[in-house]
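Q: What follows is the residue order along each chain.
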Amino acid sequence: MITEQTTTRIKLLAVLLLGLLAACTSTTVDEFRQGETGIESDESVVILGRRQASDYETRADFVECVGDRMGRGENAINVVPEQEFIDAMFPWFEPRTAPLRTRDLEQLMAEDVVARKMGEFGIRYIVWLDGFTETTDRQGSISCTIGPGGGGCFGFGTWEDDANFDARVWDVGSLTNVGTINTDASGQSYLPALVVPIPLIARVEANACSRLAAQLKQFVIGS
Amino acid sequence: MNKILKTMKVQVGKHARVSVLLVFAAALAGCGVNNVTIEGSFPTPNISKLPLTVAVYYDDALKEFAYMEYSETGSEEFNIESGQSHVQLFNAVLPAMFDQVVEVNQMEEAQAGQVDAVFMPLIEEFQLALPAKTKLDVYEVWIKYNMRLVTPEGDYIADWVLTSYGKTPTETFRSAEAGINEAAVVALRDLASSFSLTFTQVPEVRDWLASL
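Sequence order for the protein chains is A and B.
The first sequence maps to residues 11 to 233 in the working numbering.
The second sequence maps to residues 44 to 255 in the working numbering.
There could be a bad hint or two in this list.
As the list claims (entries may be wrong) - Covered stretches of chain B, going by a simulated chain A footprint (3 or more residues, C-beta under 8 Å):
{"#": "1", "region": "77-88"}
{"#": "2", "region": "171-184"}
{"#": "3", "region": "224-233"}
Stated by the list, open to error - Computed Cβ-Cβ distance ranges for the label pairs, DEER-style:
{"#": "4", "chain 1": "B", "residue 1": "Lys176", "chain 2": "A", "residue 2": "Phe166", "range": "38 to 46 Å"}
{"#": "5", "chain 1": "A", "residue 1": "Val206", "chain 2": "B", "residue 2": "Asn134", "range": "47 to 55 Å"}
{"#": "6", "chain 1": "A", "residue 1": "Gln44", "chain 2": "B", "residue 2": "Thr177", "range": "56 to 64 Å"}
{"#": "7", "chain 1": "B", "residue 1": "Pro174", "chain 2": "A", "residue 2": "Ile211", "range": "32 to 40 Å"}
{"#": "8", "chain 1": "A", "residue 1": "Asp40", "chain 2": "B", "residue 2": "Glu146", "range": "50 to 58 Å"}
{"#": "9", "chain 1": "B", "residue 1": "Asp250", "chain 2": "A", "residue 2": "Asp40", "range": "46 to 54 Å"}
{"#": "10", "chain 1": "A", "residue 1": "Ala120", "chain 2": "B", "residue 2": "Glu146", "range": "53 to 61 Å"}
{"#": "11", "chain 1": "B", "residue 1": "Gln244", "chain 2": "A", "residue 2": "Arg113", "range": "48 to 56 Å"}
{"#": "12", "chain 1": "A", "residue 1": "Thr38", "chain 2": "B", "residue 2": "Ser114", "range": "27 to 35 Å"}
{"#": "13", "chain 1": "A", "residue 1": "Thr38", "chain 2": "B", "residue 2": "Pro174", "range": "26 to 34 Å"}
{"#": "14", "chain 1": "B", "residue 1": "Pro246", "chain 2": "A", "residue 2": "Ala224", "range": "48 to 56 Å"}
{"#": "15", "chain 1": "A", "residue 1": "Pro209", "chain 2": "B", "residue 2": "Pro174", "range": "20 to 28 Å"}
{"#": "16", "chain 1": "B", "residue 1": "Leu255", "chain 2": "A", "residue 2": "Gly83", "range": "52 to 60 Å"}
To be verified - Going by beta-carbon spacing under 7 Å, a handful of chain B positions derived as facing chain A:
{"#": "17", "residue": "Ala109"}
{"#": "18", "residue": "Gln157"}
{"#": "19", "residue": "Ser236"}
Just so you know, the hints here were simulated from the structure itself, not pulled from any lab data.
Fair warning: this is a prediction, and the values are worked out from it, not measured in the lab.
Every residue, glycine too, gets a C-beta built ideally from N, C-alpha and C.
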């Protein structure tokens with residue numbers, strides 16, 4: 011005979027298991043170094059999102075997330091906010107005019123106004139972030155009803171998120187590409203609904219952000 | 044007592060009627076056209092100024108420019124008013140490009156003002172792509188302009204076409220109106236960047252500058 015206590019335990023176990031499954035996000039970080047790096051305390055980094063692709067663009071909040079994480083904690087780095095930099099540099103870093111290669115940056119730095127602004131910000135590295143998060147494998151269904159006596163949902167939904175971001179690091183001093191860091195994070199999210207939907211979301215983009223920021227920080231410092 | 048009850052009934056009845064009318068009005072508003080007035084801030088370009096005094100003439104067609112987007116069933120869906128944002132954009136860009144800029148309401152004012160040239164921007168075409176129609180997760184705005192530069196007497200100097208493009212990704216909890224506004228602001232910034240950086244490369248403008 012199943013007691014009420016046993017039922018509660020089973021429910022708790024199920025929730026715990028789903029919670030553990032939801033936390034299952036795998037992240038891979040690849041680093042490719044092409045040059046020596048290092049940063050002084052009066053120098054700063056700017057992280058910019060690539061927005062040249064036709065069907066997607068690197069979201070500003072992901073760029074902000076990476077910048078925030080690089081700018082706090084141990085060995086914090088001065089990070090210039092993306093929009094502040096783009097506005098101050100206007101019109102040189104708009105989607106159509108932004109340099110795509112280091113050769114373009116060299117030409118851009120030949121402009122007095124650009125070189126002066128770069129100096130004012132103390133920019134040592136430009137980090138170009140390019141990527142997006144894709145949701146695939148949507149399965150299951152949830153139906154909700156509402157009536158005079160109340161309402162509720164029943165069903166189960168699941169999907170997979172895959173975040174893939176490339177970070178290219180340009181040294182403004184030597185006008186070269188000093189390295190590339192790739193982050194690939196994926197995870198399964200679940201949405202069981204027993205009267206009330208319980209979202210168990212895999213924090214794929216948040217994990218990609220924190221791992222990429224940590225790696226970028228180490229890369230820039232040169233350790 | 045009966046009087047009080049009667050008054051209360053009348054008041055409740057009034058409130059109910061007002062509520063029903065409000066709900067009805069809201070439902071009708073939901074079915075009608077959505078007005079979007081483009082609003083944004085445009086930074087001043089960091090470029091070298093040309094030693095010129097230029098007058099700018101904003102035609103009513105530009106100042107009052109509005110674009111209507113129709114749904115797949117042919118009903119009016121979005122009315123996008125972008126005339127004033129274009130004026131705001133040119134007012135931010137032109138003083139960074141030329142030594143002196145004056146706004147004129149008539150060509151005669153330009154002649155009296157002893158300016159080197161009169162600039163007249165016009166919008167030729169406006170296109171909008173919504174995620175619901177393109178099945179892409181982005182709002183897109185594409186604008187085609189006709190830029191004209193004439194002498195204070197109205198003689199031709201240059202006439203060229205510029206296109207601008209802006210897109211913004213869809214986001215949870217962001218309305219279609221906000222998405223359209225964002226994409227239009229990106230397109231306006233794109234216009235400002237290409238106009239300010241390519242102005243001296245327009246062949247007729249280059250020839251005119253060389254002749255000064």
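Q: All hints, please: hold or fail.
A: Consistency of the hints with the structure:
no.	hint	in the structure
1	77-88	holds (count 3)
2	171-184	holds (count 3)
3	224-233	holds (count 3)
4	Lys176(B) / Phe166(A): 38 to 46 Å	violated (32 Å)
5	Val206(A) / Asn134(B): 47 to 55 Å	holds (53 Å)
6	Gln44(A) / Thr177(B): 56 to 64 Å	violated (38 Å)
7	Pro174(B) / Ile211(A): 32 to 40 Å	violated (22 Å)
8	Asp40(A) / Glu146(B): 50 to 58 Å	holds (55 Å)
9	Asp250(B) / Asp40(A): 46 to 54 Å	holds (52 Å)
10	Ala120(A) / Glu146(B): 53 to 61 Å	violated (34 Å)
11	Gln244(B) / Arg113(A): 48 to 56 Å	violated (20 Å)
12	Thr38(A) / Ser114(B): 27 to 35 Å	violated (44 Å)
13	Thr38(A) / Pro174(B): 26 to 34 Å	holds (30 Å)
14	Pro246(B) / Ala224(A): 48 to 56 Å	holds (52 Å)
15	Pro209(A) / Pro174(B): 20 to 28 Å	holds (23 Å)
16	Leu255(B) / Gly83(A): 52 to 60 Å	holds (57 Å)
17	Ala109	violated (25 Å)
18	Gln157	violated (29 Å)
19	Ser236	holds (3 Å)
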